[in-house]
Amino acid sequence: MNRRVLHILLPLITGVLFLTVWHVAVKMSGSDIFPTPRHVLDGLGELVRQGLLLKYVVASLFRVSWGFIAAVLVGVPLGLALGWFRPAYAALNPFIQILRPISPIAWIPVAILWFGVKDTAPVFLIFLASVFPITVSSMAAVQNMQQVYLRAAQNFGLGGLELFRRVIFPAALPQIITGIRIALGVAWLVVVAAEMIAVNSGLGYLIIDARNAGKRYDLVVAGMVMIGLIGLVLDVLVRRLEKFDEVRWGYGQR
Amino acid sequence: MKLIRTLAIVLTVWLLGITALHGGLNLRWFAKRTGGSAGEKTFGVGFLPVTCHLTCPVTHYINKEMEGRDMFQPMRFSGWPELKEMFIGRPKDMPAAFILAPMAIALREQGVKIKIVHLGHRDGSAVMVHKDSGIFQTGDLRGKTVAVPGRYANQRLIIYRELKKAGMTIDDVKIVEMPPPDMPAALLSRSVDAITSGEPFMGQTELDGYGRTLWQAKDVWPGFISCVLAVHEDAIRDHRPEIQRLVNGIAASGKWIDESMAHRMDAAQFVATNYYNQNPRLLSFVLSKPPDRVTYSRLKPLRPEFEEIERLAKEAGILQGTAHFEDYVDDTFAPDPTTVNAPKFEVKK
Numbered sequence: 180m181n182r183r184v185l186h187i188l189l190p191l192i193t194g195v196l197f198l199t200v201w202h203v204a205v206k207m208s209g210s211d212i213f214p215t216p217r218h219v220l221d222g223l224g225e226l227v228r229q230g231l232l233l234k235y236v237v238a239s240l241f242r243v244s245w246g247f248i249a250a251v252l253v254g255v256p257l258g259l260a261l262g263w264f265r266p267a268y269a270a271l272n273p274f275i276q277i278l279r280p281i282s283p284i285a286w287i288p289v290a291i292l293w294f295g296v297k298d299t300a301p302v303f304l305i306f307l308a309s310v311f312p313i314t315v316s317s318m319a320a321v322q323n324m325q326q327v328y329l330r331a332a333q334n335f336g337l338g339g340l341e342l343f344r345r346v347i348f349p350a351a352l353p354q355i356i357t358g359i360r361i362a363l364g365v366a367w368l369v370v371v372a373a374e375m376i377a378v379n380s381g382l383g384y385l386i387i388d389a390r391n392a393g394k395r396y397d398l399v400v401a402g403m404v405m406i407g408l409i410g411l412v413l414d415v416l417v418r419r420l421e422k423f424d425e426v427r428w429g430y431g432q433r
Numbered sequence: 002m003k004l005i006r007t008l009a010i011v012l013t014v015w016l017l018g019i020t021a022l023h024g025g026l027n028l029r030w031f032a033k034r035t036g037g038s039a040g041e042k043t044f045g046v047g048f049l050p051v052t053c054h055l056t057c058p059v060t061h062y063i064n065k066e067m068e069g070r071d072m073f074q075p076m077r078f079s080g081w082p083e084l085k086e087m088f089i090g091r092p093k094d095m096p097a098a099f100i101l102a103p104m105a106i107a108l109r110e111q112g113v114k115i116k117i118v119h120l121g122h123r124d125g126s127a128v129m130v131h132k133d134s135g136i137f138q139t140g141d142l143r144g145k146t147v148a149v150p151g152r153y154a155n156q157r158l159i160i161y162r163e164l165k166k167a168g169m170t171i172d173d174v175k176i177v178e179m180p181p182p183d184m185p186a187a188l189l190s191r192s193v194d195a196i197t198s199g200e201p202f203m204g205q206t207e208l209d210g211y212g213r214t215l216w217q218a219k220d221v222w223p224g225f226i227s228c229v230l231a232v233h234e235d236a237i238r239d240h241r242p243e244i245q246r247l248v249n250g251i252a253a254s255g256k257w258i259d260e261s262m263a264h265r266m267d268a269a270q271f272v273a274t275n276y277y278n279q280n281p282r283l284l285s286f287v288l289s290k291p292p293d294r295v296t297y298s299r300l301k302p303l304r305p306e307f308e309e310i311e312r313l314a315k316e317a318g319i320l321q322g323t324a325h326f327e328d329y330v331d332d333t334f335a336p337d338p339t340t341v342n343a344p345k346f347e348v349k350k
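If you read the protein sequences in the order shown, they are chains D and W.
If you want this note's numbering, it's the position in the first sequence, counting the first as 1, plus 179.
If you want this note's numbering, it's the position in the second sequence, counting the first as 1, plus 1.
No lab work stands behind these hints: they were computed from the structure.
These numbers come from a predicted model, not from an experiment.
A virtual CB, placed ideally from N, CA and C, is assigned to each residue, including glycine.
Keep in mind that a hint or two might mislead.
Over 10 Å on every C-beta distance to chain D, these chain W residues come out as not near it, computed from the model [as the list claims (entries may be wrong)]: (1) K3; (2) D71; (3) R77; (4) Q205; (5) H264; (6) P336.
Coverage of chain D stretches by chain W, computed from C-beta distances (three or more under 8 Å per stretch; other residues unrestricted) [to be verified]: (7) 193 to 205; (8) 232 to 241; (9) 284 to 291; (10) 384 to 391; (11) 416 to 425.
When you get a sec, could you build the whole thing from the sequences and use the hints?
This is how it looks when you write it as structure tokens:
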């Protein structure tokens, strides 16, 4: 069997096994509260028929896109600057490390007070969750850069902005992309927490709303499944970045 | 830099696309405005999908059906903290909300400019135990775990009041705080021994066959008040006519709900479908079995009732006792219940 077929077949087998175990476990426990895979599929079908699934997926992707892209636009330049200028690093790094471990859930009250319950509040929470991994990885990328690139560049008489554009940024790029990939995972991860704010659309909202709706745990799990599947697609997309020459040189050969 | 250019283009297109989709699907940017004057801004009224707040969606629905426009923007929340934060933080966007009576009083004590202008309901709470448990009277709760919706929930006070009648104190039970939507599952898994909150979450355990009523609020504390309509003082100062219209609407739709069982069933149907996103069977159940499980007439705030809440809450250590009826209530909006007439409204079949 060639590798391609194996790459499709193996995950399929894992999936079928997982669903079987899930189904049998629910049946054996005799619980009529926790849904079987079949119930979840029916729940998803119901959402599709009501036209809600597309709406919710779009809403969540909208919030994550804006929050995440804002985080990249702020995080990458900030990280590069902090990595290069020692005094800036000394001044800001402790502050960043203090803010970094605070969960977005803890920021929910602040987000509501500042932004109300419009889309800005969840976007802000997603921004907060993803800006720190990006900043820190960009910072580390510059600090860990091989000195030999710098010396060579200086021998050629490069300095200032030119040095930054031609040497520092390209050298740091592979590590920055890795940071961005992790941050995208985090951004998608916090979508449920971010949508706990009283917005009225989104996959996170779907889960919270289903809890309010009585015994609709099929919809809770349907929301989880959708978040997982979209997370998979996002990861596949970001992996494509590694195909670019600017990134690929920075990775090992395996 | 091929990578950067590709990324910039792809991401810009993606952002524009997803924003347009979100605007079209969820924010109705491109929908034609129907009825009412275009762009008319209405204020928000916060509520939770519980029967204590039923008059909020019913008022909105009846008004929209009869006049063809929004009297206010009903804003549904999933939990108390978010609703409270929105009310405190953004009173311009949401100057009114249905809120727990002791929580409103506590906010007043803490300096929030909040006034209770009307009640939301009467009764409509219960203490539920698992049907197989050995709890048959208040005394059996000794040493058991009881879930309440929050520190400032009146359900906590009703437990306190009943324990006192049975010669016990709050220390004889273990109180845990839990969002009402999580309570049925907690009772089913028997991780708590008893649960209490507003409907329909209590009725749900009965409907699903594992809950048993220990007592209904109406039987142990007749006229029990859990939630009230509270308004920010700035709105009372600046938008008196709008607030008056809201209060009149709430009072009238309360009468409408209580007018007949047919109205109750209609309300269960349109509220469950359009506002609460619950199974209509659940609301029909709690609005009819028994019919006086929760009622919506007699909603003017009365001094002796609030003084009892105040006294109990102070004894229970929830309130300081620094705010009094005239501080946290403005009863000038609430009409005399005997003069309120239900709107002439029937749901189109």
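Right, here's what the structure says about each hint:
no.: 1; hint: K3; result: violated, 7 Å
no.: 2; hint: D71; result: holds, 15 Å
no.: 3; hint: R77; result: violated, 7 Å
no.: 4; hint: Q205; result: violated, 5 Å
no.: 5; hint: H264; result: holds, 22 Å
no.: 6; hint: P336; result: holds, 30 Å
no.: 7; hint: 193 to 205; result: violated (count 0)
no.: 8; hint: 232 to 241; result: holds (count 6)
no.: 9; hint: 284 to 291; result: holds (count 3)
no.: 10; hint: 384 to 391; result: holds (count 4)
no.: 11; hint: 416 to 425; result: holds (count 4)
Going down the numbered hints, you'll see the structure goes against 1, 3, 4 and 7, while the others check out.
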